[in-house]
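Here the protein sequences come in this chain order: G and S. Heads up, the numbering used here is the position in the first sequence plus 37, with the first residue counted as 1. Heads up, the numbering used here is the position in the second sequence plus 219, with the first residue counted as 1.
Worth double-checking, as some hints may not be accurate.
[What the hints assert, rightly or not] In silico DSS-like cross-links for lysine-lysine, where the CA-CA straight-line distance does not exceed 30 Å:
(1) G:Lys129 with S:Lys442
(2) G:Lys64 with S:Lys442
(3) G:Lys162 with S:Lys256
[Unchecked claim] Residues from chain S shown here face chain G by an in silico Cβ test under 8 Å; the list is partial:
(4) Glu345
(5) Ala349
(6) Ser352
(7) Asp415
(8) Ser417
Bear in mind the hints are in silico, worked out from the structure with no lab data behind them. Think of the CB as a built atom: it goes at the ideal place given N, C-alpha and C, for glycine as much as any other residue.
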Amino acid sequence: MKEQNSKNQATQTSHNGVLEVKNLTKKFGPKMVLDNISLSIEKGKTTVVIGPSGCGKTVFIKHLIVLLRPTSGEVYFNKKRIDNIEENELNKIRTHYGFLFQGGALFDSLSVSENIIFPIKQHFKITDWGQVEELVQSKLAMVGLDGFQNYFPADLSGGQRKRVALARAIALNPEIILYDEPTTGLDPIRSDIINELILKLQRELGVTTVVVTHNMASAYKVGDRIIMLHNGKIIADGNVDHIRNHPHPAVQQFIHGQVSEDDLAVLRMSGSMSQAQFLPRDFQ
Amino acid sequence: MIALIGAKTINGINNMGRYGRFLWQSMIVSFQSCLNKLSYPLIWTQMYLIGVRSVPVVMITGAFVGMTLAVQAYDQLAGMGLEEHLGVLINISVVKELGPVLAAVMLAGRVGGALTAELGTMNVTEQIDAVRSMGTDPIRYLVAPRILACLLLTPFLIIFAVLMGIIGGYFVSVIQLDINSRAYWSFSAAGVELWDISIGVVKGFFFGVAIAAISCYKGFTCKEGAQGVGQACTEAFVASFISILALDFALAVVFKSIYNTFWPIRGLV
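This is chain S alone, in the form it adopts within the complex (with noise of 0.2 Å):
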């Protein structure tokens, strides 16, 4: 029993050193991709395939977010008549922390899943071993460009996912449960800061970061066969699920106290 559980302890550390080399020799690697051109026509298909394409999925992900909060919040705000503040609530919630959430969750589905999954398939078939048994490094032209990718446009889809949870939000707020439109703006606008959407948008680089190489690294390490390849992307998603949340609560410290560093009494709407 003992011995089975200092294996495991073992093997975990030994995961988590491989994990922490391969990420470290990533961002190395990406970094000199961004100063190398002949890099970027490999960086630009990783952003079609992964950014463009996200994007309808991410937009209707916001959108559903903004939408069912007005539903939800709308009982209580009105019980205590203030249900022309239901606008501070959504907007902040969408902007801050369920919109990039949501919209980093849905990517760790569709862009995690389709990484773990082409790579896993690469290293099963022998693909990734042709790769540097043709001089090339394989982080170089396979990790990095993704990660990148990623990135730069995870951020972005937040973005979109964040204009359009507002918009769902707007739509149920004022056209379905009847709020003045003037007034769902006027406290929208004085409970959201330009801090609040810029602390979305920061935590968009750290969760594309992560979502990628957590990614890449299940497919590089993924076992043999169909059930292996599986076994890569479920772990993937779990992990990136995981970290995204892990960010988030790290990032909410650490942007509190920036916050209330520079402006420590913040006013109550």
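With the rest of the complex left out, here is chain G (with noise of 0.2 Å):
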């Protein structure tokens, strides 16, 4: 127990990390939903940020491309620090990152191959159509989505968009991809499609991935680390096994999807279902 957290207490402060957070602390009014995070991510590794819903994983994903500002707290990207810079010199470094929203956030009124053009024509002046059309090609033939180019985000299925997405995210070839639940409202097979997508990208594009998720098939699949938020802070931090056997009580109910005794206690208190059922016609 001493030795791995030791060790994870060295992944947390290592500083061979592309992607650094320091005392990340993040308030929205009185509410505390990220309080003083410290991690490191390694380089071309998975790291899979798993906990309940409304943890802060998403809050925390957006931080790290700066798409939130702490309220305290340090961001660092290849040891610079992001965190307090300008806009204008955030986009430059925006464009080392891929980012998956949890919805797809393609744009309405462009085609997939617009979307996926978008951020290509945003950062290079396009002389050679042709070579572009090629590129968009290869990027929707790594999702499995060639010959999709002039449909819109409106005649895809959630999994399709999802895809289209995380084309458009790979479009600047970036170093960093971000996952925002990938998984989500997704069946098991399209699931896969997705786990199987992320290590695909991984392995033959290298990149350093963070993916945050809360299906545990999903982040056993993909992860080479995995990380457990709970009520802000960071409870469990190291590869699967340990996760898996982590003594944590919140970290093995959430891993095997239980309720807690706590949570059980209140539903017991809070009347039976009979009591809760009427029709209408009791109201006459």
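Put the complex together from the two separate chains, hints included.
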């Protein structure tokens, strides 16, 4: 146990990480969402952040690309502090990232092809459109959707939208890809397709990957390292085996999908279902 | 109670500060976009959506303003035997005040509502965050083209509204109320100066920027969910409407001072 703790401490304070956060705290009004988090994300590895809904996973991942600014604490990208710099400078740094949003966040008014061209068009002067079309084709082929160039987001299923969003996220060949709940809302097969894509991109492009999820199957499959957030703090940090055998009750409840005794007690106290069920005629 | 008032005051000041910063950034980026040819396609698209498609509603608004003024003012002037002066009254009201203000209010509803709903939905579905995550300034990509389109086209839309107001007023006065056409136009020409027309058009620039900036800001700061977007649209319209009236008053004072400085005595018609 002592050994594990010291190993985890070493990971948290490592200075070899491509991404690093130090004493990160985020408050929304009086509500503390992230409470003094410090960790370093290793280059070329997949780090998975797990935790119950509302524990601050999305807020955390948005801080890594500074879509949100911390209340206090620091964020570093390649040893450069990025949480306190101007948006213009930050925009250049963000080209090193790819971000897959929970709902895909594709632009409704643009076709699949235009969505993928968007980041390229923003940062490069396009002179050879044939080359760009080839690039779009190759990105779509990577996510298994070649031939969907002229579709609009509204014409695609949830899984296809996420894959197009992933193709857009890798359009600028990023060093880091951040995934916010990549499998949420998808059936188990579509979820596994996304997991395989995450592994494929990590393997073929050698990118550093951070995945936020509450899907344990996904976390076990893609994660080199798993971090669990609970009430805004890191309560577990280690590889898959370390998490599986972690002694913290909240970790065990979460990974096994079990409700806590306290929550069960609240449910028992809150009256029976038969009392809550009535028909409109009961009002008459 | 005191704490509540204090909290609301601080919140109000914070909102004003955020809006001021958003407006300042938008103005700077809009100016830069004017000089950047790559922004022109975005501006053209917005000019079509905001300007060209608003022409019919703005023209209808203008026409009804002119016609209503003619019907309402005729009895008063006819009672004094001054019905041939109806043209001055209608045209100066339409050109200086009612045409620009009502056309702008119509635009606040049609264009402002659409801008807030579009940007609000983009905000709620994380599309604005997606723009930022790809290293693009959302103000440059989303706000500046809309502000420039409104800035450039609102004066033209006001000209359309005013033109239709004049035609509507003429139609009711001359054709329906049987006022002498020659007298109608000669009194109008004597009473309405180029200065009055300029005031109406210049107001359009201010109204256009106010509508676009307020609507974009409300879209960017809207709360989650369908209710959040709906509330943002309502707030955007109310804020735009009040801004139009406040700007109209401020500009009236400024233009009157300028006019009185250069032309102290204006001939009474």
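Task: Hint numbers contradicted by this structure - done: Structure breaks hints 7 and 8.
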